[in-house]
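Participant: Residue numbers (this note's numbering), protein chains in the order written: chain A, 3 to 394; chain B, 16 to 306; chain C, 68 to 154.
Everything labelled a hint here was simulated from the structure, so no lab data went into it. Computed from a prediction, not measured in an experiment: that's the story for all the values here. Ideal Cβ positions, reconstructed from N, Cα and C, are used throughout, including at glycine. There may be inaccurate statements among the hints.
Facing chain C, from chain A, some residues (calculated, C-beta under 7 Å) [unchecked claim]:
hint : residue
1    : 6
2    : 98
3    : 99
4    : 194
5    : 205
6    : 207
7    : 210
8    : 220
9    : 224
10   : 228
Taking CB as the label site, the calculated pair distances span [unchecked claim]:
hint : chain 1 : residue 1 : chain 2 : residue 2 : range
11   : B       : 249       : C       : 123       : 48 to 58 Å
12   : B       : 273       : C       : 144       : 48 to 58 Å
13   : B       : 267       : C       : 100       : 26 to 36 Å
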Amino acid sequence: MKKVVEGSVAIAHAVKTIRPDVIAAYPITPQTHIVERLSEYIADGELKSEYVRADSEFSAISILVGASATGARTFTSTSSQGLALMHEVLFNASGMRLPIVMVVANRALSAPLNIWNDQQDSISQRDSGWIQLYAEDIQEAHDLTLQAYKISEDIEVRLPSMVCMDGFILTHAYEPVDLFEDEEVQKFLPPYDPKVYLTTEDPLTFGALATPEYYTEFRYVMQQAMERAKKKIRKVFTEFKEMFNRGEESLISLYKMEDADIAIITLGSLTSTVREAVDRLRDKGIKAGVVKIISYRPFPEEEIRKSLDKVNSFIVFEKDISLGHEGAVFTDVKSVVYHMKDRPSAFGFAVGLGGRDVRESTIEKLIVECIEGRKKEGFYFGDVKRVKEILK
Amino acid sequence: MMLFGPGHRACAGCGCAVTIRHVLEALEGKCFVVNSTGCMEVVSTPYPESSWEVPYIHSLFENASAVAAGIETALKSLSREHEGKVVVIAGDGATADIGVQTLSGMMFRGHDILYVCYDNEAYMNTGVQMSGLTPLGAHTTTSPAGKSIPGNLGPKKDMPAIALAHGAKYVATASMAFLADIKKKIRKARDITGPSYIQIHSTCVPGWGIDSARSVEIARLAVETGLYPIFEYENGQLVSVRKIKNRKPVEEYLKVQARFRHLFKDERGKEIIEKIQEIADYNAQYYGLDA
Amino acid sequence: MEVEITLGGVARPGTARKNKTGTWKVYMPVVDHKKCILCMRCLHNCPEPCITSVDDKIEIDLDYCKGCGICSSVCPVDAIDMVYEEK
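Chain A on its own, in the form it takes in the complex:
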């Protein structure tokens, strides 16, 4: 069923077809439309989920910890400060191996207060043991929401997932979307079988204390699960493509990389802008290509290394910065090329922070500067104005 819908509505529709048992959420811009629409479905009797209006995002995710541990399929969504407020619970949910799925409408973090898009919120949670999938457009966000359940609920994975979509740019945009039919989703996603859950019939203890004798092994098995998640993501993507005839089969997506000398690496909606810039450069005879990261955690180490095998250089464009170092994605990509014999030159740019519009011309200009040797290898603010800082 193809319809022109708002990004948030597409997500709410996907969730409706997935039929979670429990939804708990707290409103925050720009995520709000998702939970408003879900509330409408429930009010109209179209969705039978239990919906809890939580007193904060911290409570919302905590409610899902309880619900998921009881064997329920769960959903929430949030943004920015809300995700930051969840921080402590994120580690708890993944540590207890609860397959919660959350859509993050990416937005900048305060201070200064800024409600517009960047990806600092979710990138800052990269170490929390959650799978992180980034959507380029509304269709992909809609599709990843379903795929995330199948990945997270798999017994060999059992880690929660974040589906990250750029706030406003995707949540508030209207695009034609091929929306799921109920029967398709029921066919694609098996019912959730929790295996271990809270029940008086077998009174298990969840959330035990692990002494130094065990803690390392808890983390080790989570790392193993992340490794297995890579395989599972590929499998689920492939199954999805077979059934729905769209999407990717890999943790990354390549564009014009077959003969590329330079790889432009990015994630989220920025990919579309980068692709346009690459097309323009191709017209000028510059052999550039695009590597889109779909799964940021687990990190597609093997895929990225393979994609960079023949390039002379790569440039990362990302909407976050690890203050005191550089862009987090840039660091991760560099770590992948460390062992390569002919290591490509590495450039990284933070762009689009706090909702600054990123234009193709800006991307194009920065790429040209790197190619022409006007920039040294390293990390830069890509679209910063001249600053006069006042320190008195």
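Given the coordinates of chain A, assemble chains B and C onto it according to the supplied hints.
Facilitator: The following block gives chains B and C in isolation, referenced to the frame of chain A:
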């Protein structure tokens, strides 16, 4: 029926352990326990061991009410409500300080959850720091009795009143000195639908500086002096109080505990004791404690 | 050494029983069954709990008793003595 322990690592003479086993026994094991971070969690669940024989989850310090709300909601969604009551077991710091928001949200939304606060009047697990339920005059490691400040200067936060203000259908206090009363109140709370709050005074041997053998006797003194009034509210109405015959002066309760020892050393301490007596007198009058 | 990590780190119920806390005690309770009136106060007030009533006789499981002395102090007929445990 042993639903909590033996083999747990609580201190010898732990009042909270006595309280918890009676909470579980009253529910006959038909419950889901959500435990906040704290003494009772740490002593009972060193992986791969557990002292619990009921379904149990510990998530974080401040989110037990929210996790409980999630369990209650999931049981409803999965049509499994018949399995048992969802019960929060949380310490006084988790209840009155760090977890008060999630508790408020849970009560406001009207979840069918029994909230039990085992009140040993400080953060004991981390080494006896002051909490919102630490009583006036008590020495703790963050409200130490010093040369210019004689211990904690504030009264206990009135959590039962906060629960009542949320419209909790059943709100009660109890003491580990009166075990049958604990069981009676837990069963009453179990049988109503909606949020209920029970705060149970429980001793801490190292935190209070008491002789482990006198745990029960000292808990009883808190009640007999009027410092820990035992009452119950149903639908917002005070329906019963434990009456006291010949209410004892507060000194009898204070002098047997190291945390109040400094109050007996100087004039300033004497003034604090007078204020503590005023609290007991107020309780006696407000709740009608004197028989 | 191999360690078992369960899915989600769940622990089985009651498994702490293998932790014999009886080694903690300095004084141990000794019951005078002739004095005992089977009021069960000791049983109910035990924090472990490790006191049971078997065939109308109070039994204290010394494998778990930490020697706190509550049972002795709540006994209305002084039927439980705390005596120094020779090790």
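Participant: All the hints need checking, so say for each whether the structure fits it.
Facilitator: Outcome of the hint check:
1. 6: Since the shortest Cβ distance to chain C is 42 Å, the answer is violated.
2. 98: holds (5 Å)
3. 99: holds (4 Å)
4. 194: violated (14 Å)
5. 205: Because about 5 Å separates residue 205/A from the closest Cβ in chain C, which is inside the 7 Å limit, the hint holds.
6. 207: Because about 4 Å separates residue 207/A from the closest Cβ in chain C, which is inside the 7 Å limit, the hint holds.
7. 210: Result: holds, 5 Å to nearest chain C Cβ.
8. 220: holds (6 Å)
9. 224: With a minimum Cβ separation of about 9 Å from chain C (threshold 7 Å), the hint on residue 224/A is violated.
10. 228: This hint is violated: residue 228/A lies away from chain C, its Cβ roughly 15 Å from the closest one there, beyond 7 Å.
11. 249/B / 123/C: 48 to 58 Å: violated (39 Å)
12. 273/B / 144/C: 48 to 58 Å: 30 Å Cβ-Cβ, so the 48 to 58 Å window is violated.
13. 267/B / 100/C: 26 to 36 Å: holds (34 Å)
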